[in-house]
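**Student:** Protein chains in written order, with the working numbering: chain A, 1 to 413; chain B, 1 to 132.
It should be emphasised that the hints constitute simulated quantities derived from the structure, not laboratory data. Backbone N, C-alpha and C define an ideal beta-carbon position, used for all residues, glycine too. Some hints here could point you the wrong way.
[Stated by the list, open to error] Computed, partial: chain B to chain A, Cβ under 7 Å: (1) K6; (2) L27; (3) L28; (4) I110.
[Stated by the list, open to error] Derived DEER-like restraints, expressed as beta-carbon distance ranges: (5) A:S281 with B:D47: 38 to 44 Å; (6) B:L57 with A:K351: 43 to 49 Å; (7) B:P118 with A:D285: 41 to 47 Å; (8) B:S45 with A:K353: 25 to 31 Å; (9) A:C21 with B:T12: 47 to 53 Å.
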Amino acid sequence: MEILQGFLESIVDLYKNSGLCYLPWQNYIMILVSIVLLYLAIKKQYEPMLLLPIAFGMLLVNLYPAIMSAPSTDLVPVADYIASHNGESASYAITTLQGVDYYNVPTNGGLFYYLYQGVKLGIYPPLIFLGVGAMTDFGPLIANPKSFILGAAAQIGILITFIGAIFLGFSGAQSGAIAIIGGADGPTAIFVTSKLAPELLGPIAVAAYSYMALVPIIQPPIMKALTTKKERTIVMKQLRPVSKLEKIIFPVLVVIVVAIFLPDAAPLVGMLMLGNLFRESGVVDRLFKTAQNELMNIITIFLGVTVGATATGSVFLKIDTLKIIALGLIAFCIGTAAGVLFGKLMCVATKGKVNPLIGSAGVSAVPMAARVSQKVGQAEDPTNFLLMHAMGPNVAGVIGSAVAAGVLLSILG
Amino acid sequence: MDLSEKLTISLTILITGFVVVFAVLILLILLIMIYGAIVSKIQKSADEKKAKKEAELEAEKAASAASAQPVTTPPAAVPAAADGMSDEVIAVIAAAVDAVYGKGAKVKSIKKVPQSRPVWSTAGILDNTRPF
């Protein structure tokens, strides 16, 4: 009989500890959202490298919130502690409450709490940038440095969205973090948000990566609406070859200029350029390979799952999230439009030598945005190859959004 | 935050952001253009020097060969078996060999391989089978 009683009590305890008993309803909705995101990542292949870990992190944290819990101290009565440890006392600090002595027994945090420190302390995004730098060829930008202008123009979306966010009731710092979604650069968005408004990290990261995945759907209608058929068929002159020496000087020069004028952007741009120097110097092949493969992949896993784990039901299911998603989309559209419009301006200034379609690639999202320019251009003229020309503004956009991030951090931080 | 505060911070961010982002990137454009010009100048002069040296070396070689062998020989002998091809076709084949194998490769003979399949169908088959 006693055994049966013990069995029943254990089952009841298990039930009480299970998610069925204590999970709020919001968590169940978030579980459904995470399953939809998993579907989009696997079936539709929308940025699966990031969306899959983000969605799974979201799933896990909503099933088991303690996985993100911070370390704490439990108060255990000294007598109870000694009794359950075969009479052995411990060296924990003792607190006395109402005449009873308690041990302050420290408990560890959840797994994701520790992995999340890399996001919270701004460690992962610069490391991702190290890998991005190692993978990026700045040759097209060096061959045609004027494309830097298009990379800068596309950042206008960030600045205008900031105004929208302020007037929708967000604080200055929060608005800065939301606006940076317009840079279409996941690591930059996470870096800025972790410093300015860590409480919005979940919705902002999800919005930023979703829009990056939706670049091929969002950008073409804007690009077509703002250009004429004649402009879209402009064939650009072939880029000049860039020497190895120029490619080696480039990262050193950029880091000197950016770090001196905008120290807040130095961690991002510095690591981006270090990765690029690994690549172009040709003397550190092993470091170059590690930065763009193993290290990048490991950090992507950590970043993805922990960013997803910030999207708990109670944080995510708010009106603010909808506002952030809407503002992110506006930022993205304005960035694309500003890039194309500046492309048109350059087209006029160069007497028709620049195809305005490459302007939309100024919103980072490497290399997806450049591919979209190529595709839209080829839809008009199948023999036109804009890809290499669009890569210039595209990589300039990465530097541009890091610079814009530096501006926001220095004013609002 | 009241309306005037919102306006102030919005305009501050807009103007500062616009000016700083463009200023930094335009500065980078100028610097890249300057160092691009310098690097290409340095490389041009280095290439010219190299070409000059090579030309001098060749001239020296030619001079020494001329003094050692007063009877001049034709510079390049026509391959022994050329299957009645024109000089132009031989020159093209020799140039292609030179482009692929570099200096040191010699064309000793050129033979026409009897063709069992037209060139275009061979290209088509190659194109279809390459992925496997």
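**Student:** All the hints need checking, so say for each whether the structure fits it.
**Tutor:** Going down the list of hints, with the structure as the test:
1. K6: holds, 5 Å
2. L27: Cβ of L27 of chain B sits 6 Å from chain A, so the hint holds.
3. L28: The hint holds - L28 of chain B has a Cβ within 7 Å of chain A, the shortest such distance being about 6 Å.
4. I110: violated, 34 Å
5. A:S281 with B:D47: 38 to 44 Å: Between S281 of chain A and D47 of chain B, where Cβ atoms are some 23 Å apart, the hint is violated.
6. B:L57 with A:K351: 43 to 49 Å: holds, 46 Å
7. B:P118 with A:D285: 41 to 47 Å: holds, 46 Å
8. B:S45 with A:K353: 25 to 31 Å: For K353 of chain A against S45 of chain B, whose Cβ atoms are near 29 Å apart, the range 25 to 31 Å holds.
9. A:C21 with B:T12: 47 to 53 Å: holds, 51 Å
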